[in-house]
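Visitor: Hey, can you work out the whole structure from these sequences and the hints?
Number of protein chains: 2
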Amino acid sequence: MPISAAEVQKLREKTGQGMMECKKALEESGGDAEKAVEILRKKGLATAEKKSSRKAAQGRIHSYVHHNGKVGVLVEVNCETDFVAKNEQFQAFLSDLCLHICAMAPVAVRREEMPADLVETEKRIAREQIAGKKPDNIVEKIVQGKLDKWYSERVLLEQPFVKEQERTVQNVLTDIIAKIGENIIVRRFARFEVGEGDE
Amino acid sequence: MPISAAEVQKLREKTGQGMMECKKALEESGGDAEKAVEILRKKGLATAEKKSSRKAAQGRIHSYVHHNGKVGVLVEVNCETDFVAKNEQFQAFLSDLCLHICAMAPVAVRREEMPADLVETEKRIAREQIAGKKPDNIVEKIVQGKLDKWYSERVLLEQPFVKEQERTVQNVLTDIIAKIGENIIVRRFARFEVGEGDE
Chain A
2 MPISAAEVQK
12 LREKTGQGMM
22 ECKKALEESG
32 GDAEKAVEIL
42 RKKGLATAEK
52 KSSRKAAQGR
62 IHSYVHHNGK
72 VGVLVEVNCE
82 TDFVAKNEQF
92 QAFLSDLCLH
102 ICAMAPVAVR
112 REEMPADLVE
122 TEKRIAREQI
132 AGKKPDNIVE
142 KIVQGKLDKW
152 YSERVLLEQP
162 FVKEQERTVQ
172 NVLTDIIAKI
182 GENIIVRRFA
192 RFEVGEGDE
Chain B
2 MPISAAEVQK
12 LREKTGQGMM
22 ECKKALEESG
32 GDAEKAVEIL
42 RKKGLATAEK
52 KSSRKAAQGR
62 IHSYVHHNGK
72 VGVLVEVNCE
82 TDFVAKNEQF
92 QAFLSDLCLH
102 ICAMAPVAVR
112 REEMPADLVE
122 TEKRIAREQI
132 AGKKPDNIVE
142 KIVQGKLDKW
152 YSERVLLEQP
162 FVKEQERTVQ
172 NVLTDIIAKI
182 GENIIVRRFA
192 RFEVGEGDE
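Residue numbers (our numbering), protein chains in the order written: chain A, 2 to 200; chain B, 2 to 200.
Derived by calculation from the structure, the hints in this document are not laboratory data. Model, not experiment: these values are computed from the prediction. One or more of the hints may lead you astray.
Chain copies aren't distinguished; within one or between two, either way the pair holds.
List time: in silico EDC-like cross-link candidates among lysine to aspartate or glutamate, alpha-carbon distance up to 20 Å [to be verified]:
id : residue 1 : residue 2
1  : Lys87     : Glu194
2  : Lys164    : Glu89
3  : Lys43     : Glu28
4  : Lys71     : Asp83
5  : Lys71     : Glu81
6  : Lys56     : Glu194
7  : Lys71     : Glu89
8  : Lys150    : Glu114
9  : Lys142    : Asp97
10 : Lys164    : Asp176
11 : Lys71     : Asp97
12 : Lys44     : Glu129
13 : Lys56     : Glu197
14 : Lys134    : Glu29
15 : Lys124    : Asp137
16 : Lys124    : Glu29
17 : Lys135    : Asp149
18 : Lys56     : Asp176
Guide: Below you can see the structure in the form of structure tokens.
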């Protein structure tokens with residue numbers, strides 16, 4: 002069964018994936034667009050991990066200001082091509098991400114971007130809390146457990162996603178990488194709240 | 002001539018100033034609203050400098066994303082009361098400021114907030130450029146002159162305002178403080194451009 006260019010283009014717009022991949026998926030599904038999306042999605046999930054090492058130099062800046070004008074968010078999300086940056090799912094992710102950051106007030110995108118002094122203080126507190134109460138050989142394990150919990154409340158990618166609390170932002174992102182078929186990176190964000198800058 | 006509460010309220014909304022000040026200005030102008038604005042404006046200009054030391058804990062967050070989605074700005078501007086934060090002139094300033102930051106890409110709001118290493122490098126370069134070419138007693142003066150120019154290209158408040166190049170952003174701000182009659186502070190901004198974060 003021959004696949005028309007229009008069908009390929011339609012699937013491309015829906016999934017953001019490459020022309021050849023879309024054509025192959027349609028051939029595999031016998032022209033069934035919905036089944037083709039499923040096929041692409043399964044392939045995508047399998048290669049999402051691999052894709053996350055590819056260069057992502059395109060992307061979009063997105064902003065959100067709460068209706069009272071007292072909290073605002075600016076975010077940069079990168080992808081590999083401008084084609085994907087225009088994709089509806091990519092745009093929806095940008096919008097959700099801004100709402101999430103506004104509501105959940107993360108401190109950094111990734112663990113390694115957390116301010117070192119904050120991390121050190123937290124480690125010290127955790128150690129002091131259990132000092133003498135637990136055998137030495139499990140102290141570090143407990144400290145790490147406490148730190149993991151602390152990170153999951155402050156690191157954007159580890160926070161429970163505001164619209165689906167049982168998944169992390171990273172889970173949502175991995176899923177979108179799988180669907181869209183390009184590496185996507187949350188590069189940075191800024192979150193301002195009136196008055197919090199007072200020192 | 003008695004001044005009605007409605008007239009006072011109208012002038013208050015127009016200028017963002019206090020009730021008593023508006024009433025006094027209307028009495029002084031014999032009920033002429035336009036003249037009253039002038040009176041308030043003159044008084045305001047005289048006290049703008051004094052006002053700039055008062056606490057500004059209210060304010061608004063404002064954002065702007067360029068139509069191509071590749072440059073975005075988030076800004077916090079503080080004032081003393083929420084009443085002024087709703088003022089039309091204040092809102093217009095927020096909007097202009099975002100456009101300015103988007104176009105002019107400042108590095109910091111104030112000189113003292115410029116990254117110290119950038120300033121040191123610039124000083125060193127300026128000194129090296131004129132070393133041995135000018136008498137020692139005027140070297141520091143020339144270095145300072147070069148630095149002043151360098152700051153005026155990178156410090157938000159010292160940049161020529163994008164909509165009126167013959168005035169600085171600080172000039173525009175001082176004028177608005179005078180008009181509105183409250184201290185107003187540009188607290189902070191973020192400016193993201195797709196790809197510039199690549200290291």
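Visitor: Are the hints correct? Go through all of them and say.
Guide: Verification of the hints:
For a Cα distance limit of 20 Å, the shortest separation of Lys87 from Glu194 across copies, 16 Å, qualifies, whereas the shortest one inside one copy, 29 Å, does not. Within a single copy, Lys164 and Glu89 get their C-alpha atoms as close as 18 Å, which meets the 20 Å cut-off; across copies the closest is 35 Å, which misses it. In this assembly of identical chains, Lys43 and Glu28 lie within 20 Å of each other by CA distance solely inside one copy; the values are 16 Å within and 76 Å between copies. When the C-alpha separation of Lys71 and Asp83 is checked against a cutoff of 20 Å, the pair qualifies only between copies, where the shortest distance is 10 Å, while the shortest distance within a copy is 32 Å.
Taking identical chains as interchangeable, the C-alpha atoms of Lys71 and Glu81 lie at most 20 Å apart only when they sit on different chains, with a minimum of 14 Å there against 34 Å within one chain. Only between protomers do Lys56 and Glu194 lie at most 20 Å apart by alpha-carbon distance; the minimum there is 17 Å, versus 33 Å within a single protomer. For the homomeric pair Lys71 and Glu89, the shortest alpha-carbon distance between copies (16 Å) is at most 20 Å, but the shortest distance inside one copy (28 Å) is not. In this assembly of identical chains, Lys150 and Glu114 lie within 20 Å of each other by CA distance solely inside one copy; the values are 16 Å within and 34 Å between copies.
Proximity of Lys142 to Asp97 under the C-alpha cut-off of 20 Å is found in neither arrangement, the shortest distances being 35 Å within a copy and 53 Å between copies. For the homomeric pair Lys164 and Asp176, the shortest alpha-carbon distance inside one copy (15 Å) is at most 20 Å, but the shortest distance between copies (44 Å) is not. When the C-alpha separation of Lys71 and Asp97 is checked against a cutoff of 20 Å, the pair qualifies both within a copy, at 19 Å, and between copies, at 18 Å. Proximity of Lys44 and Glu129 under a CA criterion of 20 Å is satisfied in neither setting, with 48 Å inside one chain copy and 59 Å between copies.
Proximity of Lys56 to Glu197 under the C-alpha cut-off of 20 Å is restricted to the inter-copy arrangement: shortest distance 14 Å between copies versus 35 Å within a copy. In the homo-oligomer, the alpha carbons of Lys134 and Glu29 never lie at most 20 Å apart, since the shortest distance is 61 Å inside one protomer and 76 Å across protomers. For a Cα distance limit of 20 Å, the shortest separation of Lys124 from Asp137 inside one copy, 15 Å, qualifies, whereas the shortest one across copies, 53 Å, does not. Neither within a single protomer nor between protomers do Lys124 and Glu29 lie at most 20 Å apart by alpha-carbon distance, with minima of 53 Å and 65 Å respectively.
Taking the shortest Cα distances, Lys135 and Asp149 sit within 20 Å of each other inside one copy (19 Å), while across copies they are farther apart (60 Å). In this homomeric assembly, Lys56 and Asp176 come within 20 Å of each other (Cα to Cα) only inside a single copy, at 18 Å, whereas the closest approach across copies is 47 Å.
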